[in-house]
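Undergrad: Given chain A, put chain B in place with the hints provided.
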Amino acid sequence: MATTIDGSNSVTINSGSVLGITSGTAQASTSGTSIDFTSIPSWVKRITVMISGVSSNGTSNFQVQIGAGSVDATSYTSVTSAGAGAYTSSTGFLLTGVISAALSRNGHCVLTLVGSNVWVASSVIANSDTTYTTSIGAGTKTLSGTLDRVRITTVNGTDTFDAGSINILYE
Amino acid sequence: MSIVALTSDTLVASPGAGQIEYNGQFYGTDSNASRAQMQRLVLATSQASTSGTSIDFTGIPSWVKRITVMLSGVSTNGSSTLTLQLGDSGGIETSGYAGGCLQNGTQTAWASSAMLLNRTGAAVQVNTTQAILTLLGSNQWVLSSTVYSNESGSIYMGVSSGAKTLSDTLDRVRVTTTNGTDTFDAGSINILYEG
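Protein sequences, first through last, are from chains A and B.
In this text, residue positions in the first sequence follow my numbering: the first is 1, and each later residue adds one.
In this text, residue positions in the second sequence follow my numbering: the first is 172, and each later residue adds one.
Since the hints were made in silico from the structure, they are not lab data.
Where a beta carbon is used, it is the ideal one built from N, C-alpha and C, also for glycine.
Treat the hints with care, since some could be wrong.
Which residues of chain B face chain A? A partial, calculated answer using Cβ under 10 Å [stated by the list, open to error]:
(1) Gly-276
(2) Ala-280
(3) Trp-312
(4) Val-330
Isolated chain A, as found in the complex:
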């Protein structure tokens, strides 16, 4: 249903949508191999994944996966540039190109809905070091259904998060 608060002021709320930006619940990325955000409403068109001070115990790059009913780990077109190098992944939206277990990462990955369950991502992720450069990423993924979850994990799926916090905004 569409509910108009005031027609003369053209404020319309579509089909259960929440007015404004909704924040998920921040999760400490201090253990586990993945951080999930589930029950994302069907009307969402933009999701901002925020990572702050996040590190793991290994050197596998960070990536974001999305899903409809379950997390989908295939058929991503994703590339990240880090300094002079370019890195790709088909199992997620790659956030970093090179990584050190000793360093923490900060930044955003913004997911937007193109339409027909096609999502595109862009990201900027940095650390506080000069050796490992800021990573710039982009990618696309078509889901089989309506997105309802986002996962932050590593490419090998086995490195364990050991610091930081992660949250999402959706709208």
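TA: Only chain B this time, still in chain A's reference frame:
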């Protein structure tokens, strides 16, 4: 204007005179400020960055979750890099920032005193930037930004990202330089905020 109270899709009650509410996100006296929140995207007043050592935006509402800081054609009279600082009711905070800036293929770590918007500066350099701040939670703000620097025809593209946890709710942002003494001499700066 007619005023109603909503939760999700359902009209639930008539609010008191002059009050408006939506789904727990929006409640209070119907005013310019509350209507601004309903509009979601609020443009502050643009400031000319043609003098002074810093440009402040204050009075940012507590409900804000995203701030876009925009610099258009900004330059200074010196070579200090451009920075962004956040603050709360206690003032601008000058420690605890962590991040990195990559420009023209070279990486620089932020100083802990501010968010770095460009990696190198020059008096002839003109900078255009879009920096996006989002609230992760518990006064923890995350930044990512892009910058285009034109230095007498030499173009330097850059990106920056990092985070800062404030001691209280954000209510202000400041654009300044690393040394804090270089003076702005061109351009304009503004913010968009939304919640």
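Undergrad: If a hint holds in the structure, say so; if it doesn't, say that too.
TA: Hint-by-hint comparison with the structure:
1. About 6 Å separates the beta-carbon of Gly-276 (chain B) from the nearest beta-carbon of chain A, less than 10 Å, and the hint is met.
2. Residue-level restraint check for Ala-280 (chain B) holds (minimum Cβ-Cβ distance to chain A is 5 Å; threshold 10 Å).
3. Contact between Trp-312 (chain B) and chain A, as hinted, is supported at the beta carbon level, the nearest pair being about 8 Å apart and thus within 10 Å.
4. Residue-level restraint check for Val-330 (chain B) holds (minimum Cβ-Cβ distance to chain A is 5 Å; threshold 10 Å).
Violated hints for the displayed structure: none, as all numbered hints are satisfied.
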